[in-house]
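Q: Chains as they are written, first to last, in the numbering used here: chain H, 10 to 237; chain X, 10 to 450.
Just to be clear, a hint being listed does not mean it is correct.
Facing chain H, according to a computed beta carbon distance under 10 Å, are these residues of chain X, among others [what the hints assert, rightly or not]: (1) Ile40; (2) Leu198; (3) Asp212.
Quick partial rundown of chain H residues pointing at chain X, CB under 8 Å, derived from the structure [unchecked claim]: (4) Cys53; (5) Asp56; (6) Gly73; (7) Pro88; (8) Tyr108; (9) His114; (10) Lys133; (11) Tyr227.
If you are wondering where the hints come from, they were derived from the structure by calculation, not from laboratory data. Even glycine gets a Cβ: it sits at the ideal position worked out from N, Cα and C.
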Amino acid sequence: MTPMLDMTKTDLRSVNTTLQAAARRQANEAYEILNPRGAHALACGLDGPLSVTIKGSTGYYCAGMNKDATVTVEGSAGPGVAENMMSGMVTIEGDASQYAGATGHGGLLNIKGNASSRCGISMKGIDIVVHGNIGHMSAFMAQKGNLVVLGDAGEALGDSLYEARLFVRGSVKSLGADCTEKEMRPEHLEILAKLLEQAGADAKPEEFKRYGSARKLYNFNIDHASEY
Amino acid sequence: MDKTPRTEPRQSWTFSNSINSEIRRAAETGIYDIRGGGAKRRMPHFDDLLFLGASMSRYPLEGYRERCETAVTLGTRFAKKPIELRIPITIAGMSFGSLSANAKEALGRGATMAGTSTTTGDGGMTEEERGHSEKLVYQYLPSRYGMNPDDLRRADAIEVVVGQGAKPGGGGMLLGQKITERVASMRDLPMGIDQRSACRHPDWTGPDDLEIKILELREITNWEKPIYIKIGGARPYYDTALAVKAGADVVVLDGMQGGTAATQDVFIEHVGQPTLACIRPAVKALQDLGMHREVQLVVSGGIRTGADVAKALALGADAVSIGSAALIALGDNDPKYEAEYQALGSTAGAYDDWHEGRDPAGITTQDPALMARLDPIAAGRRLRNYLNVLTLECQTIARACGHNHVHNLEPEDLCALTMEAAAMAQVPLAGTDWYPGKPGF
Numbered sequence: 010m011t012p013m014l015d016m017t018k019t020d021l022r023s024v025n026t027t028l029q030a031a032a033r034r035q036a037n038e039a040y041e042i043l044n045p046r047g048a049h050a051l052a053c054g055l056d057g058p059l060s061v062t063i064k065g066s067t068g069y070y071c072a073g074m075n076k077d078a079t080v081t082v083e084g085s086a087g088p089g090v091a092e093n094m095m096s097g098m099v100t101i102e103g104d105a106s107q108y109a110g111a112t113g114h115g116g117l118l119n120i121k122g123n124a125s126s127r128c129g130i131s132m133k134g135i136d137i138v139v140h141g142n143i144g145h146m147s148a149f150m151a152q153k154g155n156l157v158v159l160g161d162a163g164e165a166l167g168d169s170l171y172e173a174r175l176f177v178r179g180s181v182k183s184l185g186a187d188c189t190e191k192e193m194r195p196e197h198l199e200i201l202a203k204l205l206e207q208a209g210a211d212a213k214p215e216e217f218k219r220y221g222s223a224r225k226l227y228n229f230n231i232d233h234a235s236e237y
Numbered sequence: 010m011d012k013t014p015r016t017e018p019r020q021s022w023t024f025s026n027s028i029n030s031e032i033r034r035a036a037e038t039g040i041y042d043i044r045g046g047g048a049k050r051r052m053p054h055f056d057d058l059l060f061l062g063a064s065m066s067r068y069p070l071e072g073y074r075e076r077c078e079t080a081v082t083l084g085t086r087f088a089k090k091p092i093e094l095r096i097p098i099t100i101a102g103m104s105f106g107s108l109s110a111n112a113k114e115a116l117g118r119g120a121t122m123a124g125t126s127t128t129t130g131d132g133g134m135t136e137e138e139r140g141h142s143e144k145l146v147y148q149y150l151p152s153r154y155g156m157n158p159d160d161l162r163r164a165d166a167i168e169v170v171v172g173q174g175a176k177p178g179g180g181g182m183l184l185g186q187k188i189t190e191r192v193a194s195m196r197d198l199p200m201g202i203d204q205r206s207a208c209r210h211p212d213w214t215g216p217d218d219l220e221i222k223i224l225e226l227r228e229i230t231n232w233e234k235p236i237y238i239k240i241g242g243a244r245p246y247y248d249t250a251l252a253v254k255a256g257a258d259v260v261v262l263d264g265m266q267g268g269t270a271a272t273q274d275v276f277i278e279h280v281g282q283p284t285l286a287c288i289r290p291a292v293k294a295l296q297d298l299g300m301h302r303e304v305q306l307v308v309s310g311g312i313r314t315g316a317d318v319a320k321a322l323a324l325g326a327d328a329v330s331i332g333s334a335a336l337i338a339l340g341d342n343d344p345k346y347e348a349e350y351q352a353l354g355s356t357a358g359a360y361d362d363w364h365e366g367r368d369p370a371g372i373t374t375q376d377p378a379l380m381a382r383l384d385p386i387a388a389g390r391r392l393r394n395y396l397n398v399l400t401l402e403c404q405t406i407a408r409a410c411g412h413n414h415v416h417n418l419e420p421e422d423l424c425a426l427t428m429e430a431a432a433m434a435q436v437p438l439a440g441t442d443w444y445p446g447k448p449g450f
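Make a model of the complete structure from these sequences and hints.
A: Here it is, written out as structure tokens:
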């Protein structure tokens, strides 16, 4: 039987201590968290193979800095879900608030609903799939990794983008500084197909457009100062 | 021959030669001047304060005989494992990328021998500094370059950087010429491009969010590590109060003489407050909250001598931090490289184009040939010596004021030489019992 931690009876420190110890055991155990009631910093800092299912919505920084673990939120997640994730998989069955996947280095963040503003900000290698829409300033200064959006993107997508790849199926309200639409080549379709499959997304790679950096702002040039 | 007396040519104070040269440079290039270091302008500083020493009303302690303690513990508020330092002088955060790996190693070696901590910077933690730093503070910066939970856990403390004295409200830019393969790899960016260091954190805004961010950092590190919050000298009373509210164990307060790797000269010289002006408001905030000495205050920005250390402590700091002075101790701006500084259009003591990566001293560079000039063992020894001298000087003054611990230094040990310094430090103008703003006058 899957061990359950009920947060009406167990405090945050005890829950995280239990999960972090289980992850370090490398035993690929499974845990369920009941009644999270919007707790902040829940299931953060997991460092090993572990499956955690959270039965409800979470507050800030759920699954922050995750390594190897699989975390599923059966609800919505507050700001900074899976921030700085290194590897593993984090799934949000509902919506995600601001800064989802911020600065993430690796792994897959799978958001079944919508994501708010600044989704994927400063991402450094993480893959993010959003089944719904994303808010403004998403992928701001995004460095590496892939952001896939099945719905629409808000204003200033990919502002000051570096080398991250952005794939959007719906409309883009506006592109940020130095972000441009790019040719979808076979290797991009291949990456996209794999991510859609991993995320269980009902969409075809051919339906998406790709956006990336125009690389005009990579080295300071006074003639581009008006673009900032 | 005309004997009519002529008025001697008069240079404008407003349009000085220095100002005019900058106007010409700007007109030629179309871009602002970028440089490293802190504010170079003259401003009220620790030099404008004096210690009174012991007299009829106070007993001094015997030099070379009676003990004057210097140890300080940082992070006593919440952390399970506070940092214990032998001396109240730490090494400030400086990034690998702006500094060479040898320089980072030398800082770690010197700090460890002297019994104090060193600090990472933007760009992440290197093996050189972790391996050679007995106590290492890990900076948690807006860019999160190289940030990972493994390094977070192997740090001895975590410093959330909100701002720095050289550029409160500003981010940074590591220019492409210093982005080697190793630097680029640590930062997850291509080689050769300018790397922007953000001015705001990507996943929190304001002290309410920061409180939750700190909760996350503590949960990830088992509540062991002291959490510092570093602020630039902008609004020290409120910034300190809000840092305490957000859950800081330690507040690091950096005045505008504090250095940076590279930013606009106009930013360095015109934004922020002098270190001297920041300390008393920060201490008052801690006192008003009943947190003075429970949340430790580390002051940086222009600390050069043991007298500066003693004055900062007397005004209420628990420790100080040095950056520029530590680099000079390693060998930065050494006159032995004068010919090379001249070739770069500068001179020893004034060289500040650290962002160009051509530092003759091998400190602010990633050029392998230049880096090799800095022997990390010898440079570490120089830093150790310098830290020891600062400590001895501070002890000398504390003993003269009758204190058996440097933390017992107090504002009543001081007087000011100028009205400005008296107002900022809130200590009497020399020869009076008055300072501007003193209640009752």
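Q: Please go over all the hints and tell whether each is borne out by the structure.
A: Quick rundown of the hints versus the structure:
1. Ile40: holds (5 Å)
2. Leu198: holds (6 Å)
3. Asp212: Interface hint status for Asp212(X): holds (4 Å vs cutoff 10 Å).
4. Cys53: holds (5 Å)
5. Asp56: holds (7 Å)
6. Gly73: Holds. Min distance 5 Å.
7. Pro88: Holds - the Cβ of Pro88(H) comes within 8 Å of chain X, reaching about 7 Å at its closest.
8. Tyr108: holds (4 Å)
9. His114: holds (7 Å)
10. Lys133: Given a least distance of 4 Å, the restraint on Lys133(H) holds.
11. Tyr227: holds (4 Å)
The structure is consistent with each of the numbered hints, conforming to all of them.
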